[in-house]
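Please build the complex by placing chain B on the supplied structure of chain A, with the hints as guidance.
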Amino acid sequence: MDAVATPTPIAADAVWPAVRWAAARDLKLALRSRGELGVQLLFYVIVVSLFPLSTSPERNLLATMGPGVLWVAALLSSLLSLPRLFAGDHADGTLEQIALSPYPLGALVYGKILAHWLTTGLPVVVLAPLLGLQYAMDAESLAVLTVALLVGTPILSLLGAIGAALTLGLRASGSLLALLILPLYVPVLIFGAGAVDAARAGLGVSANLSLLGAGLLVAMVGAPFAAAAAVRIALD
Amino acid sequence: MSLNWFKYASPATFYPLAGKMIPWFAWAAALLAAAGLYLGLVVAPTDFQQGDAYRIIFIHVPAAWMSMFLYVVMAAWSALALGFNTRLSAMMAQAIAPTGAVMTFIALWTGAFWGRPTWGTYWAWDARMTSELILLFLYFGIIALRHAIDDPRRADRACGVLALTGVVNIPIIYFSVQWWNSLHQGSSVSLTRAPAMAAIMLTGMLIMSLAAWFYAIAASLARVRTIIVDRERGAAWVSELPEVRNA
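Protein sequences appear in the order of chains A and B. Positions 1 to 236 (the working numbering) are the ones given, in order, by the first sequence. Positions 1 to 247 (the working numbering) are the ones given, in order, by the second sequence.
Derived from the structure by calculation, the hints contain no laboratory data. Errors might be hidden in some of the hints.
As the list claims (entries may be wrong) - If you want a taste of the chain B side facing chain A, the calculated C-beta under 10 Å gives, among others:
#1 Leu80
#2 Leu82
#3 Ser131
#4 Pro152
Stated by the list, open to error - Pairwise CB distance ranges, derived in the manner of DEER restraints:
#5 Ala236(B) - Ser210(A): 58 to 64 Å
#6 Gly222(A) - Leu41(B): 41 to 47 Å
#7 Trp123(B) - Ala91(A): 39 to 45 Å
#8 Phe113(B) - Ala91(A): 46 to 52 Å
#9 Thr64(A) - Asp230(B): 50 to 56 Å
#10 Ala199(B) - Leu203(A): 53 to 59 Å
Heads up, the beta-carbon is just placed ideally off N, CA and C, and yes, glycines get one too.
Just chain B, same shape as in the assembly:
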């Protein structure tokens, strides 16, 4: 059986598909978050060094991972949009940007609350924090550029060029902890060696990461549906949608 992926490259066919996928991802995110938070806040033991303050990693680390990952995904959609001139790819990139900015903000905010009891300061001008802050500015720049351009097709391509230029920063953020000996500790999780944390903590964190990922997918799909309806409002199929007709 061969799936015709291009069928869903059209907003008209993707709109109902996205609508069908949203509840699945949203429920999966909710259930995984409930399980992850239960593991993280109830089951996982108190850390012998950091006390209970460490428990913020169950939010902080997934948000930080997603902030970088979503930028890469957004840049990939932008590259597709620029390369193949597909409208839906650009709409996906547009839909991901706010979720990425929120994840970056959560990572910075929870990091500050974790830093206060642990390092004794809300903020330090350390490599990883500074580059995460720059990532937030990159998201803001893309969103601001989008709003400054009236023609959505021009905005698509301009934001695409900007997103692809900014993607250089992602490896800098990711490796900053290794390149600069900074206040922020190195990664506790790695594919090449045993994790430097208890298995139960790691499981909780990974489940929370999956929850953050599914949440990001559900939120982006919900946003892309509103973008599709907004941009295709002149099209006949949009005016025949029950939610548009009854509005």
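In isolation and in its complexed conformation, chain A is listed as follows:
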């Protein structure tokens, strides 16, 4: 009777174990190559510190540029870390085994994205206030910037996963990934930097942050499935 009542035994109750398993596995892998994570963070710091050297160390200008520079650097460091998401597993055949497992591929991809954000997005969020100080940003702007990055960087990982899966195993996949993904990142950049600009101008930040939050919800619902579909396309 039970078998008739539940024709697909792996459905809702298999989603969270799959997410947890994939996230834990990727976290463990990432923490075993800490050097790589450190290099990515250093890339973020270096990109941010190039701008005052190339433009002007004048404090007002820095405070104006700061939010945009920090956001662009976050975008670039996310882009740089995206190939790690699937490329290693694709090269050694693990991705094929993951796709063959009876668990829903969308949930497994979701776990991988979660681990990617925890290892590459979250450190960027944590470092941002410190780097913002170097840009002479005031306390309120720093707080808004951190919140905006906290809401916005998961969108980068979610959207980026689609591009990373689409470009698996292609020639010149790095620059192609940038061409595919950066246009999709632009709305996140506009709303994220816009929130900080609004705070500096003394306007309400809730509109920009709400739009970012809405974007995050849409990306959380849609992106894992699109990325899972892209993984299947790459594996054919």
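Chain B in isolation, oriented as in the chain A frame:
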């Protein structure tokens, strides 16, 4: 009488049908463009604010509309291709992409030439221009992804996923003028209120839009025919086509 639409879902039956449709759409586009340009450049009066510079809207607005519309159409074909696994739908999506990119480019280029005398600048980082530029990058991304993948069936599905992901940007572009108070003026044409322009200008613009639409159909159909011949070159019916045999 019931039409069997699925009959034309096969490249072999669609190829001759497309060949028959192309001259109709091409001639309609040419005649409408001639009529629209005559209305726009000769009959329509000079604008009291913008002088003759406004006449660029007869190219600019149709191109901008088509740039967004073609993306939606391309995404719809991609969705059909992904959902029903039909080869011809993916070929249509592939054929539309370059025309869409050209329309986007024309919209940006003519906008720059209109902006110089009217706003005093070729380019401003305003919401609508920026999002139209992003649309151009989306088209480029889809075309580049297509060229990076050797297997056409994999390319079909990968481009389909990308096109459907990017379709989120279309409402952002369309409503950007209302959401952000930008340099680019709001829409002068609306379904819900009387247009804020002279009837003759509006007529010219709508005729030009129809011309752009028919041109896009003719160009896409011509391109899809070359794609069909290229991809089905192993099939017997392709090698029996007179244009292939005599080539």
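Here's how the hints hold up against the structure:
Given hint, Leu80(B) at the interface with chain A, is violated; its Cβ is 15 Å from that chain's nearest Cβ, farther than 10 Å. Restraint check, Leu82(B) versus chain A: the minimum CB separation of about 8 Å is within 10 Å; hint holds. Interface restraint check: Ser131(B) against chain A, minimum CB-CB distance 8 Å, threshold 10 Å, status holds. Interface restraint check for Pro152(B): the shortest CB-CB distance to chain A comes to about 12 Å, outside 10 Å, so the restraint is violated.
At about 59 Å, the CB distance of Ala236(B) to Ser210(A) agrees with the hint of 58 to 64 Å. For the pair Gly222(A) and Leu41(B), the supplied restraint of 41 to 47 Å holds, since their beta-carbon distance comes to about 45 Å. In this structure the hint that Trp123(B) and Ala91(A) lie 39 to 45 Å apart at CB holds, the actual value being about 43 Å. Taking 46 to 52 Å as the suggested C-beta distance range, the pair Phe113(B) and Ala91(A) conforms, at roughly 49 Å.
Checked against the hint of 50 to 56 Å, the pair Thr64(A) and Asp230(B) passes, with Cβ atoms roughly 52 Å apart. Checked against the hint of 53 to 59 Å, the C-beta distance between Ala199(B) and Leu203(A) comes to roughly 41 Å, which is inconsistent with it.
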